[in-house]
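Asks: Sequence:
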Amino acid sequence: MNKNRLEAFSDGVLAIIITIMVLELHTPETPTWEGVAAVLPTLFSYLLSFVYVGIYWNNHHHMIHLASRVNGGILWANLHLLFWLSLFPFTTRWMDESGFTQVPVLLYGINLLCAAIAYYILER
1 MNKNRLEAFS DGVLAIIITI MVLELHTPET PTWEGVAAVL PTLFSYLLSF
51 VYVGIYWNNH HHMIHLASRV NGGILWANLH LLFWLSLFPF TTRWMDESGF
101 TQVPVLLYGI NLLCAAIAYY ILER
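With the working numbering, the residue at position 36 of the sequence shown is 36, and numbering never jumps.
Among the clues, some could well be false.
Said to hold, decoys possible - As a list, the in silico SDA-like pairs of lysine to any residue whose alpha-carbon atoms are at most 20 Å apart:
1. 3 x 69
2. 3 x 74
3. 3 x 71
To be verified - FRET-style restraints, in silico, Cβ to Cβ:
4. 9 x 33: 38 to 44 Å
5. 99 x 75: 36 to 42 Å
6. 41 x 124: 34 to 40 Å
7. 3 x 28: 40 to 46 Å
8. 68 x 121: 15 to 21 Å
9. 102 x 32: 27 to 33 Å
What the hints contain is simulated information worked out from the structure, not anything from laboratory work.
The structure displayed is predicted, hence computed values, not measured ones.
The beta carbon of each residue, even a glycine, is placed where N, CA and C say it ideally should be.
Put together the whole structure using the sequences plus the hints.
Replies: Structural data, given as C-alpha cells:
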C-alpha cells in the first residue's frame, strides 16, 4: 500500500479532532476582562490538547516519511492510535466542564497514556 494514503487519512482525522475541539470553545458571556478570565480554563485545556495533537501529528509525519512500506499491521496500529486521539475532544471537554475534578482529569491522563502506548506500538 502507498504510505501517502495512510498519511492523508491520518492528517484528515487529526484535522477533524482539532476542529471538534475548537468548536467546543465559546465566546465570553460578557465583553469584559472578567468575561475573558471566565473562559481562560477552557482556553488552557484546549491549548494543552492542541499541543498534544500537534506533537502527535508532527511525530507521525516524520515517522511515516521514514517508513519504506505500509502493511496491514501498520494500518491497524495507526487506527489504534487514531482511536485514542479521537477521544481527546471528549476528555478535554469533560475535564474542563467538571472544573478539573479528579475523575475527569484522571480519565484525561489515561487517554494520554493510551495514545502514547498506541504510538509506541505503531513505532515498533
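Asks: Broken hints, numbered, in rising order?
Replies: Every hint satisfied by this model.
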